[in-house]
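What follows is the residue order along each chain.
2 protein chains.
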Amino acid sequence: MKRSNSEDATGADLDKKTIGLLESIAKRVRASIDSGSLPNLELPVRSLDNVKYEEAKGYFELGNARKVRTLTVNTARAFAQTLRLMATSRAMVEHDDFATKREVYYISKNWGDCRFDEQAESDAIMDDIEAMASMYGLSREQLRFYPESHGGSVAGRLTVVDRNPATGEAIEIDCANLGSGAYSIPRSVEHLSFRTDARFVLAIETGGMFQRLNNHRFWETARCIIVEMAGVPTRATRRFIRLLSDKQQLPVYCFVDCDPYGFANIYRTLKVGSGNAAQINRFLCVAQARFLGVTPQDIIDFGLEDATHPLAATDIKRAQDALHNDPFIKAHPEWVTAIKQLLQMGVRAEQQALAKWGLNYVIDEYLPQKLANESSFLP
Amino acid sequence: MKRSNSEDATGADLDKKTIGLLESIAKRVRASIDSGSLPNLELPVRSLDNVKYEEAKGYFELGNARKVRTLTVNTARAFAQTLRLMATSRAMVEHDDFATKREVYYISKNWGDCRFDEQAESDAIMDDIEAMASMYGLSREQLRFYPESHGGSVAGRLTVVDRNPATGEAIEIDCANLGSGAYSIPRSVEHLSFRTDARFVLAIETGGMFQRLNNHRFWETARCIIVEMAGVPTRATRRFIRLLSDKQQLPVYCFVDCDPYGFANIYRTLKVGSGNAAQINRFLCVAQARFLGVTPQDIIDFGLEDATHPLAATDIKRAQDALHNDPFIKAHPEWVTAIKQLLQMGVRAEQQALAKWGLNYVIDEYLPQKLANESSFLP
Numbered sequence: 001m002k003r004s005n006s007e008d009a010t011g012a013d014l015d016k017k018t019i020g021l022l023e024s025i026a027k028r029v030r031a032s033i034d035s036g037s038l039p040n041l042e043l044p045v046r047s048l049d050n051v052k053y054e055e056a057k058g059y060f061e062l063g064n065a066r067k068v069r070t071l072t073v074n075t076a077r078a079f080a081q082t083l084r085l086m087a088t089s090r091a092m093v094e095h096d097d098f099a100t101k102r103e104v105y106y107i108s109k110n111w112g113d114c115r116f117d118e119q120a121e122s123d124a125i126m127d128d129i130e131a132m133a134s135m136y137g138l139s140r141e142q143l144r145f146y147p148e149s150h151g152g153s154v155a156g157r158l159t160v161v162d163r164n165p166a167t168g169e170a171i172e173i174d175c176a177n178l179g180s181g182a183y184s185i186p187r188s189v190e191h192l193s194f195r196t197d198a199r200f201v202l203a204i205e206t207g208g209m210f211q212r213l214n215n216h217r218f219w220e221t222a223r224c225i226i227v228e229m230a231g232v233p234t235r236a237t238r239r240f241i242r243l244l245s246d247k248q249q250l251p252v253y254c255f256v257d258c259d260p261y262g263f264a265n266i267y268r269t270l271k272v273g274s275g276n277a278a279q280i281n282r283f284l285c286v287a288q289a290r291f292l293g294v295t296p297q298d299i300i301d302f303g304l305e306d307a308t309h310p311l312a313a314t315d316i317k318r319a320q321d322a323l324h325n326d327p328f329i330k331a332h333p334e335w336v337t338a339i340k341q342l343l344q345m346g347v348r349a350e351q352q353a354l355a356k357w358g359l360n361y362v363i364d365e366y367l368p369q370k371l372a373n374e375s376s377f378l379p
Numbered sequence: 001m002k003r004s005n006s007e008d009a010t011g012a013d014l015d016k017k018t019i020g021l022l023e024s025i026a027k028r029v030r031a032s033i034d035s036g037s038l039p040n041l042e043l044p045v046r047s048l049d050n051v052k053y054e055e056a057k058g059y060f061e062l063g064n065a066r067k068v069r070t071l072t073v074n075t076a077r078a079f080a081q082t083l084r085l086m087a088t089s090r091a092m093v094e095h096d097d098f099a100t101k102r103e104v105y106y107i108s109k110n111w112g113d114c115r116f117d118e119q120a121e122s123d124a125i126m127d128d129i130e131a132m133a134s135m136y137g138l139s140r141e142q143l144r145f146y147p148e149s150h151g152g153s154v155a156g157r158l159t160v161v162d163r164n165p166a167t168g169e170a171i172e173i174d175c176a177n178l179g180s181g182a183y184s185i186p187r188s189v190e191h192l193s194f195r196t197d198a199r200f201v202l203a204i205e206t207g208g209m210f211q212r213l214n215n216h217r218f219w220e221t222a223r224c225i226i227v228e229m230a231g232v233p234t235r236a237t238r239r240f241i242r243l244l245s246d247k248q249q250l251p252v253y254c255f256v257d258c259d260p261y262g263f264a265n266i267y268r269t270l271k272v273g274s275g276n277a278a279q280i281n282r283f284l285c286v287a288q289a290r291f292l293g294v295t296p297q298d299i300i301d302f303g304l305e306d307a308t309h310p311l312a313a314t315d316i317k318r319a320q321d322a323l324h325n326d327p328f329i330k331a332h333p334e335w336v337t338a339i340k341q342l343l344q345m346g347v348r349a350e351q352q353a354l355a356k357w358g359l360n361y362v363i364d365e366y367l368p369q370k371l372a373n374e375s376s377f378l379p
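Residue numbers (the numbering used here), protein chains in the order written: chain L, 1 to 379; chain R, 1 to 379.
It is worth saying that the hints were derived from the structure and are not from the lab.
Any given hint might turn out to be false.
Claimed, not checked - Once the Cα atoms are required to be at most 20 Å apart in a straight line, the calculated EDC-like pairs of lysine to aspartate or glutamate come out as:
id, chain 1, residue 1, chain 2, residue 2
1, R, Lys109, L, Glu365
2, R, Lys109, L, Glu94
3, R, Lys16, R, Glu94
4, L, Lys101, R, Asp306
5, R, Lys52, R, Asp34
6, L, Lys67, L, Glu121
7, R, Lys101, L, Asp306
8, R, Lys247, R, Asp13
9, R, Lys109, L, Asp306
10, R, Lys330, R, Glu55
11, R, Lys109, L, Asp301
12, L, Lys330, L, Glu54
13, L, Lys109, R, Asp306
14, L, Lys109, R, Glu305
15, L, Lys109, R, Asp301
16, L, Lys67, L, Asp123
17, L, Lys16, L, Asp97
18, L, Lys17, L, Asp127
19, R, Lys101, R, Asp117
20, L, Lys16, L, Asp96
21, R, Lys101, R, Glu121
22, L, Lys330, L, Asp306
23, L, Lys16, L, Glu94
24, L, Lys17, L, Glu42
25, R, Lys330, R, Glu42
26, L, Lys67, L, Asp127
27, L, Lys17, L, Glu121
28, L, Lys109, R, Glu365
29, L, Lys67, L, Asp49
30, R, Lys67, R, Glu42
To be verified - The calculated label-pair distances, taken between Cβ atoms and stated as ranges, are:
id, chain 1, residue 1, chain 2, residue 2, range
31, L, Asp321, R, His309, 31 to 39 Å
32, R, Leu371, L, Asp321, 47 to 55 Å
33, R, Ala124, L, Ala313, 25 to 33 Å
34, L, Ala331, R, Asp301, 39 to 47 Å
We treat Cβ as the ideally placed atom computed from N, Cα and C, and that holds for glycine.
Sequences are here, hints too, so could you generate the full structure?
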């Protein structure tokens, strides 16, 4: 096992940058107090008014509006909590540790009067700090605040290079050698690097389909990496796919159900993120992702009509919302056409509906046919 | 890599037994038809009336009541569906394939008049076949019907021996060498074998706690295997822990939140299963599991009083239900006492509440103290 120097350097650089940012803010607060003026913290406004869709970048981003949290009688508690959370972050970077959102809430139980009464309070302040750090290119994971949820499962032509946290030694995980099991993506992936000879990443909606492609080693012949999203992908899954695609210059193809939830929630979250959490999109969005299927046209082309389900009222509402209110959908005529086609057909189809033609039709026919015509993928 | 013969033999034996069972039933049906009498299928009754708690075995089990599905005009469709599903199972065993519940539903779309209209129909018939097979010691996974959900994450002193489905070659996965990631348990684990020098298995409720123990390599010094349950454990997680514990004679300790859901849902499901699915308990229950914590007494012993939450009405109802209606709880005075203590204290505590004393208090203090006194674990 040999130490992966370039990665360590990147990690150490980011840690230095994180501590530098936290210290510079703390110093400004301290200087205000020393000079007898009320200290303040400048934080990006996180409401939807301050979110814009950047078509060139391909995702929602925070605008320039700022709110200023000045120390007053009313803000004393939130002000102190913000500083204590920043100090917690600094200590975690220094000790190479981390805390989940829930743990952050509990840590405060020893903070006396500025303890958090509910996790909603600590989450809001964590979001403020995250938004501030994002302005400097630092993510919440770099502040060492980790999400509760791990990422999806991974298998295929990929070696993940991690490190032993105790010794710093490189640890190599061969995702082609996990049998019917898979690699479970950790909560933070910033420190990982990759080696691969894959041609693309296939992001899959359902666990059942992932297991099928993995058990039949689809990734071996198709020369790819398969990732299970298990519905709307978690932060860790999104960041993992993003880093993998960026670092290895791999295209990302999405294989999800043919329904408005698959288009406007699962695929859209992976690709362009959401307006509600615009501070994180620049780290998590996979702007290079494309939609392999299942498309409305696939229902016709692959004879799935009698394996469909009627669109429910919620499906129709979600589709109409996407057509009228979603800047991403509206920016892409191909998506407008596809969603209108689905509404006109009045049905939805799951990726597992392909089993109608036999369990492995998806491996023997559907995916090879689709992959032979990448230009037909939806944007 | 060398082929693991003993495991292959076991797998092949079970496959032979599965095909033997399916054929013997089919032959009886055929013989009835040939002799001019109406064929029938004898299936265990799956209602709660036919479930008993076996204290010696430590889990709920199906009783002896049987229902007979005779071929009539009214039952023709269900009868045909049962036989077709059995044929599907046979074909999957022969081709070393599998189907999720959802895929089974879709496969039927080519069955003409006996196609399933809804998945509830195919699930019910699958449960019937499963119950029938369970009488002969065969699980649903051996019939090759797999659950949608994969199992939890695993890390620690364990080598999982799987096989390459194409070549049969053994594949060894070293769960001590996955960095901050983990091994994701596949949907079926029947074909796995294990090598380990661990002293015990620690089954953990939350992903956040799992990540903490994994990142700090708790399993290295504590000489154990850690498994993330992520709430109520899935079938795959339960079967994995059961096989691991049985084959390697390892004790299983559970580390979950101190609340009625943690006791009566998460822990109880792992240990004794549920009455609603008694046909599967004999394969999935981990009767040897014991409850490490968090116990109501731990709240006092580890000074967590100010990191608790008041019991909600649903918590109190669940606790009362457990005390009055749950045969497992009623059979164990230690549990009755613990639940009464919790009700009297009026609060619940999460495992992450230990972070009040510092993020790694759980590693440095709590777990070592508990593990030094295994006899205090709840049954």
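Here's how the hints hold up against the structure:
1. Taking the CA atoms of lysine 109 of chain R and glutamate 365 of chain L, the gap is about 18 Å. The hint holds against a cut of 20 Å.
2. Restraint check for lysine 109 of chain R and glutamate 94 of chain L: the C-alpha separation of about 59 Å exceeds 20 Å, so the hint is violated.
3. Straight-line distance between C-alpha atoms of lysine 16 of chain R and glutamate 94 of chain R comes to about 9 Å, which keeps the hinted pair within the 20 Å bound.
4. Annotation: proposed proximity of lysine 101 of chain L to aspartate 306 of chain R holds, straight-line Cα distance about 18 Å (limit 20 Å).
5. The hinted pair formed by lysine 52 of chain R and aspartate 34 of chain R fails the criterion: a straight-line CA distance of about 38 Å is larger than 20 Å.
6. At roughly 17 Å between alpha-carbon atoms, lysine 67 of chain L and glutamate 121 of chain L fall within 20 Å of each other, so this suggested pair holds.
7. The hinted pair formed by lysine 101 of chain R and aspartate 306 of chain L meets the criterion: a straight-line CA distance of about 18 Å does not exceed 20 Å.
8. For the suggested pair lysine 247 of chain R and aspartate 13 of chain R, the alpha carbons sit about 17 Å apart, so the restraint of at most 20 Å is met.
9. Taking the CA atoms of lysine 109 of chain R and aspartate 306 of chain L, the gap is near 7 Å; set against the 20 Å cutoff, the hint holds.
10. Annotation: proposed proximity of lysine 330 of chain R to glutamate 55 of chain R holds, straight-line Cα distance about 11 Å (limit 20 Å).
11. Straight-line distance between C-alpha atoms of lysine 109 of chain R and aspartate 301 of chain L comes to about 17 Å, which keeps the hinted pair within the 20 Å bound.
12. This hinted pair checks out: lysine 330 of chain L and glutamate 54 of chain L have alpha carbons roughly 13 Å apart, not beyond 20 Å.
13. Restraint check: the Cα-Cα separation between lysine 109 of chain L and aspartate 306 of chain R comes to about 7 Å, which is no more than 20 Å; the hinted pair holds.
14. Distance restraint check for lysine 109 of chain L and glutamate 305 of chain R: the Cα-Cα separation of roughly 10 Å lies within the 20 Å cut-off, and the hinted pair is therefore satisfied.
15. A C-alpha spacing of about 17 Å is found between lysine 109 of chain L and aspartate 301 of chain R, which places the hinted pair at or below 20 Å, so the restraint holds.
16. Of the pairs offered as hints, the one joining lysine 67 of chain L and aspartate 123 of chain L holds, with about 18 Å between alpha carbons and a cut-off of 20 Å not exceeded.
17. At roughly 15 Å between alpha-carbon atoms, lysine 16 of chain L and aspartate 97 of chain L fall within 20 Å of each other, so this suggested pair holds.
18. Distance hint between lysine 17 of chain L and aspartate 127 of chain L is fulfilled; the C-alpha atoms sit about 19 Å from each other, no more than 20 Å.
19. Restraint check: the Cα-Cα separation between lysine 101 of chain R and aspartate 117 of chain R comes to about 14 Å, which is no more than 20 Å; the hinted pair holds.
20. At most 20 Å may separate the alpha-carbon atoms for a hinted pair to count; lysine 16 of chain L and aspartate 96 of chain L meet this at roughly 12 Å.
21. With a C-alpha separation of about 11 Å, the suggested pairing of lysine 101 of chain R with glutamate 121 of chain R holds against the 20 Å cut-off.
22. With a CA separation close to 30 Å, the supplied pair lysine 330 of chain L and aspartate 306 of chain L exceeds the 20 Å bound.
23. Of the supplied pair hints, the one linking lysine 16 of chain L and glutamate 94 of chain L holds, its CA atoms being roughly 9 Å apart against a limit of 20 Å.
24. With a C-alpha separation of about 19 Å, the suggested pairing of lysine 17 of chain L with glutamate 42 of chain L holds against the 20 Å cut-off.
25. A threshold of 20 Å between alpha carbons decides the hint, and for lysine 330 of chain R with glutamate 42 of chain R the separation of about 34 Å lies outside it, so the pair is violated.
26. In summary, the hint linking lysine 67 of chain L to aspartate 127 of chain L is supported, as the alpha carbons are separated by about 13 Å, within the 20 Å threshold.
27. Proposed proximity of lysine 17 of chain L and glutamate 121 of chain L is contradicted: the alpha carbons are some 27 Å apart, above 20 Å.
28. Restraint check: the Cα-Cα separation between lysine 109 of chain L and glutamate 365 of chain R comes to about 18 Å, which is no more than 20 Å; the hinted pair holds.
29. Using a Cα cut-off of 20 Å, the hinted pair lysine 67 of chain L and aspartate 49 of chain L holds, with the two alpha carbons roughly 13 Å apart.
30. A distance of roughly 6 Å separates the Cα atoms of lysine 67 of chain R and glutamate 42 of chain R; the hinted pair therefore holds under the 20 Å criterion.
31. Take aspartate 321 of chain L and histidine 309 of chain R: their Cβ atoms lie about 36 Å apart, and the range 31 to 39 Å holds.
32. For the pair leucine 371 of chain R and aspartate 321 of chain L, the beta carbons lie near 53 Å from each other, so the given range of 47 to 55 Å is met.
33. Remark: the range hint 25 to 33 Å for alanine 124 of chain R to alanine 313 of chain L is upheld by a beta-carbon distance near 27 Å.
34. Remark: the range hint 39 to 47 Å for alanine 331 of chain L to aspartate 301 of chain R is contradicted by a beta-carbon distance near 59 Å.
Comparing the model with each numbered hint stated earlier shows that hints 2, 5, 22, 25, 27 and 34 do not hold.
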